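Chemist: Per this note's numbering, residue 5 is the first one in the sequence shown, and the count goes up by one each step.
Worth flagging that the hints you see were computed from the coordinates, not collected in a lab. Treat the numbers as computed from the prediction; the structure is a model and nothing was measured.
Computed beta-carbon distance windows for the label pairs:
#	residue 1	residue 2	range
1	Lys59	Asp29	15 to 21 Å
2	Lys59	Phe14	17 to 23 Å
3	Glu64	Thr30	28 to 34 Å
4	Lys67	Leu28	31 to 37 Å
5	Glu11	Asp56	37 to 43 Å
Glycine included, every Cβ here is placed at the ideal spot set by N, Cα and C.
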Amino acid sequence: FEAYEHENKFYINPGSATGAYNPLDTSVIPSFVLMDIQSSTVVTYVYQLVGDEVKVERIEYKKS
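Could you put together the complete structure from these sequences and hints?
Modeler: Structure follows, in structure tokens:
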């Protein structure tokens, strides 16, 4: 999964956000992203299937 802030903007790589299969990279981790957008705050929940476990990561971005 790839997300970053640059020049006061929040970017998410759509391919990494969906865990889309890539024939050139066989080590892709199945994942999806759920975004909660409220006014100037974005809370991103990243769900990844690692082995037999679902891992959840929470990323919060507040626009200044």
